[in-house]
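> Protein sequences, first through last, are from chains A and B. Position one of the first sequence corresponds to residue 1459 (our numbering), numbered consecutively onward. Position one of the second sequence corresponds to residue 126 (our numbering), numbered consecutively onward.
To be clear, the hints were calculated from the coordinates, so they are not data collected in a lab. Fair warning: there could be bad hints in the mix.
According to the in silico footprint, chain B covers these stretches of chain A (three or more CB under 8 Å from chain B) [to be verified]:
no., segment
1, 1535 to 1542
2, 1548 to 1559
3, 1604 to 1615
4, 1665 to 1674
5, 1680 to 1692
Result set (DSS-like, lysine-lysine): computed pairs, CA atoms no more than 27 Å apart in a straight line [what the hints assert, rightly or not]:
no., chain 1, residue 1, chain 2, residue 2
6, B, K256, A, K1552
7, B, K172, A, K1528
8, B, K256, A, K1528
9, B, K353, A, K1528
10, B, K353, A, K1537
11, A, K1567, A, K1587
12, B, K298, A, K1564
13, B, K133, A, K1564
14, A, K1512, B, K270
15, A, K1552, B, K270
16, A, K1468, B, K256
17, A, K1589, B, K353
18, B, K353, A, K1512
19, A, K1616, B, K256
20, B, K256, A, K1512
21, B, K270, A, K1616
22, B, K256, A, K1589
23, A, K1537, B, K256
24, A, K1528, B, K177
25, B, K353, A, K1570
26, A, K1570, A, K1528
27, A, K1616, A, K1552
28, B, K270, A, K1570
29, B, K270, A, K1564
30, A, K1567, B, K298
For clarity, every value in this text was computed on a predicted model and none was experimentally measured. Ideal Cβ placement from N, Cα and C applies to all residues, glycine included.
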Amino acid sequence: MSMIQVRNLKKSFGEHVVLQDVSLTVDEKEVVCIIGPSGSGKSTFLRCLNRLEKFQEGEVIINNHDYSNKGVNLNDVRKEVGMVFQQFNLFPHKTVLQNITMAPIKLLKMDKASAEKRAMELLEKVGLKEKRDSYPSQLSGGQQQRVAIARALAMNPKVMLFDEPTSALDPEMVGEVLEVMKQLAREGMTMVVVTHEMGFAREVSNHVIFMDGGYIVEENSPAELFSNPTHERTKAFLGKVL
Amino acid sequence: MVCVAVFKEIIVNSYPMFLLGLETTLRIFLISVSIGFLIGLFIALFKISTFKPASWLASGYVNIIRGTPFILQLLFIYTVNGFLFSYLNETWPTIFGDVDTRELSGIITVALNAGGYFSEIIRGGILSIDKGQMEASRSLGFSRKQTMWLVILPQAIRQLTPSLANQAIISLKDTSLLTTIGIGELMYQGSLVYAANFQILPTLTILGIIYFAIIYLLTQLFSLIERKVRIP
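So here's chain B without its partners, still in its complex pose:
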């Protein structure tokens, strides 16, 4: 009973902070994963492009994302943005005066990182589509590009829903690393809570339950989508 009382007390005292953190986490997640998906789509198309420089560029991008730790990418982008925005701020203070470079850097990092992984998933999906589909579409008079958008990608994306969902969930959890640059997402708010009440384990447990719950709901949502878009 003592135990339950501790949890209750933490929640009652600190729920606004958890909610604030949850809201920030979800906002960053939705924006960055949507952008990341688009980045992934175009990087995948670049990578299979017959135009060699585009394909090299895409390979280089994916290799850098895969070959370096997330936290390094985050600190790198945060620092670059720091320089960039202090310059912009001096030049056009009215426009760039109140940009939050922390959250912006967080969103950019998660988007670029997810984009790299999404692109590999999507590229694999495109290559898995039978080449007869391309031939049938080309023989009707569709261009390569039209075939890609009308025939190949719609099939590839449907097949890939589970892998894409998996990467989205990984990216959601990656947002917790944004705490290192002081973005007020869920993990950060949690650390503020236990720094004040010294109830580290119960607070971490509550954080864990919140993360688990969102990811559980996301999983359900994705499997619903998967059933909706499945090809009969």
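Just chain A, same shape as in the assembly:
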């Protein structure tokens, strides 16, 4: 069953066309990695999926909810789609625990005790149980990103979107975040990951998409795409990064 369906997505900032015509299907429990040079439109594409970016044309359907429909209540459907950002974007005035429980309490109407219980389970999962009362500024980048993942998971999303989740991290912290993401993938979360971590893409994803110039240039299984890229631009890009 397909969890995400994107048909003929087009987006421009004024005259500048960022997404030419992008279509994509992601099945339930599938992990899709999007790679490509900067400016290729991959982050914009990801942000269109939960309509953080407006788009001019095309359809985005996630879990049978049509994000392209003007009448859809975005606040309701976004609860099903967790998002993790390059810059973490934790709420600096809230503790780790409050960061995670805020949305479930306010939006899912969970009572405080069960929200906190759930938050502690998630913190255990990302290995940060002892940081529950810390503030984001007291954590390292890798720890902040793991809390951000826990915060998104607290809403029990059907899909998780990752926008270059390790790009702002010091090299020694990349591993701990990728490890959490791998575990999530093993547990069957549907994930779309924009990343520069080719190792992660190769190891974890079911599908790799290479984007350039606002198009999906090539799409294949990681084994095929990394070892036998068919398109010239894919070859050139992989030649530079691998």
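Given chain A, work out where chain B should sit, using these hints.
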């Protein structure tokens, strides 16, 4: 020693008037700055609203407050209230019979004036919050409004404590201008004191010390609050 005796005499003879003035000043300050803060908050939200008429209204308000002198605003509101309340008084004498239009006008003016300046401070603070905060909150499913109240404003207000405190202190000093419409605040009481004893300079010095002392205490209070609410 002569000098000290003069001060002592003024204080002993006139302290009830100073106290009365101080009480009035503080009362007007607390009421008008609290209302002014709320006005500022909503004007700031109006100004950044995507609903254009609200934003125009807020801009117009701020421009008028900033573009005209305080004393003119005060006299304007006092006069308008004069007409308004004489009409109300004729129509419903039992309800509006004993409203003190002077103090009311003073409070309204300080509140509206402070509100204009507060709103600019708060708007600046809201805009300074990283847009990633809005995105993260929206991506969790919060509405724009919820994000504003739960995520953006709590951070903005904390950052802004020093600027807000500064404006509150300016407003406190502005209350001394209310003396022109005869409100019995500290400055007014002081002028009554020196009009009676002819000791103008010593009396003004005492007034200055009282103002300085309140503002010093307020500053301490605000820096305490600032430390309390600071984000670690």
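> All hints are to be evaluated individually against the structure, with a verdict given for each.
Evaluation of the provided hints:
1. For the segment 1535 to 1542 of chain A, the assignment as covered by chain B holds, since 5 residues bring a beta-carbon within under 8 Å of that chain's beta-carbons and 3 suffice.
2. Counting residues of the segment 1548 to 1559 of chain A whose CB lies closer than 8 Å to any CB of chain B gives 4, which reaches the minimum of 3, so the coverage claim holds.
3. For the segment 1604 to 1615 of chain A, the stated coverage by chain B holds: 4 residues have a C-beta nearer than 8 Å to a C-beta of that chain, and at least 3 were required.
4. Look at the segment 1665 to 1674 of chain A against chain B: 0 of its residues bring a Cβ nearer than 8 Å to a Cβ of that chain, fewer than three, so the hint is violated.
5. Coverage of the segment 1680 to 1692 of chain A by chain B is violated in this model, with 0 residues showing a Cβ closer than 8 Å to a Cβ of that chain against a need of three.
6. Distance hint between B:K256 and A:K1552 is fulfilled; the C-alpha atoms sit about 17 Å from each other, no more than 27 Å.
7. For the hint pairing B:K172 with A:K1528, the CA-to-CA distance comes to about 26 Å; that is within 27 Å, so the pair holds.
8. Only pairs whose Cα atoms come within 27 Å are accepted, and B:K256 paired with A:K1528 is accepted, the gap being roughly 23 Å.
9. With a C-alpha separation of about 44 Å, the suggested pairing of B:K353 with A:K1528 is violated against the 27 Å cut-off.
10. The straight-line distance between the Cα atoms of B:K353 and A:K1537 is roughly 34 Å, outside the 27 Å bound, and the hint therefore fails.
11. With a C-alpha separation of about 23 Å, the suggested pairing of A:K1567 with A:K1587 holds against the 27 Å cut-off.
12. Straight-line distance between C-alpha atoms of B:K298 and A:K1564 comes to about 42 Å, which puts the hinted pair past the 27 Å bound.
13. Distance restraint check for B:K133 and A:K1564: the Cα-Cα separation of roughly 61 Å exceeds the 27 Å cut-off, and the hinted pair is therefore not satisfied.
14. Between A:K1512 and B:K270, the direct Cα distance comes to roughly 19 Å. Compliance with the 27 Å bound is thereby established for this hinted pair.
15. Under the criterion of a C-alpha separation no larger than 27 Å, the hint pairing A:K1552 with B:K270 is consistent with the structure, at around 18 Å.
16. Of the pairs offered as hints, the one joining A:K1468 and B:K256 holds, with about 24 Å between alpha carbons and a cut-off of 27 Å not exceeded.
17. For the hint pairing A:K1589 with B:K353, the CA-to-CA distance comes to about 21 Å; that is within 27 Å, so the pair holds.
18. Distance check on the hinted pair: B:K353 and A:K1512 sit about 40 Å apart at the alpha-carbon level, beyond 27 Å; violated.
19. Of the supplied pair hints, the one linking A:K1616 and B:K256 holds, its CA atoms being roughly 25 Å apart against a limit of 27 Å.
20. Between B:K256 and A:K1512 the alpha-carbon distance is near 16 Å, which keeps this suggested pair within the 27 Å criterion.
21. For the hint linking B:K270 to A:K1616, the alpha-carbon distance of about 25 Å falls within 27 Å, and the restraint holds.
22. Restraint check for B:K256 and A:K1589: the C-alpha separation of about 26 Å stays at or below 27 Å, so the hint holds.
23. Of the pairs offered as hints, the one joining A:K1537 and B:K256 holds, with about 19 Å between alpha carbons and a cut-off of 27 Å not exceeded.
24. For the suggested pair A:K1528 and B:K177, the alpha carbons sit about 21 Å apart, so the restraint of at most 27 Å is met.
25. For a cut-off of 27 Å, the pair hint linking B:K353 to A:K1570 stands: about 25 Å separates their Cα positions.
26. With a C-alpha separation of about 34 Å, the suggested pairing of A:K1570 with A:K1528 is violated against the 27 Å cut-off.
27. For the proposed pair A:K1616 and A:K1552, the alpha carbon gap of about 25 Å is at most 27 Å, so the pair holds.
28. A threshold of 27 Å between alpha carbons decides the hint, and for B:K270 with A:K1570 the separation of about 22 Å falls inside it, so the pair holds.
29. Of the pairs offered as hints, the one joining B:K270 and A:K1564 holds, with about 13 Å between alpha carbons and a cut-off of 27 Å not exceeded.
30. Proposed proximity of A:K1567 and B:K298 is contradicted: the alpha carbons are some 47 Å apart, above 27 Å.
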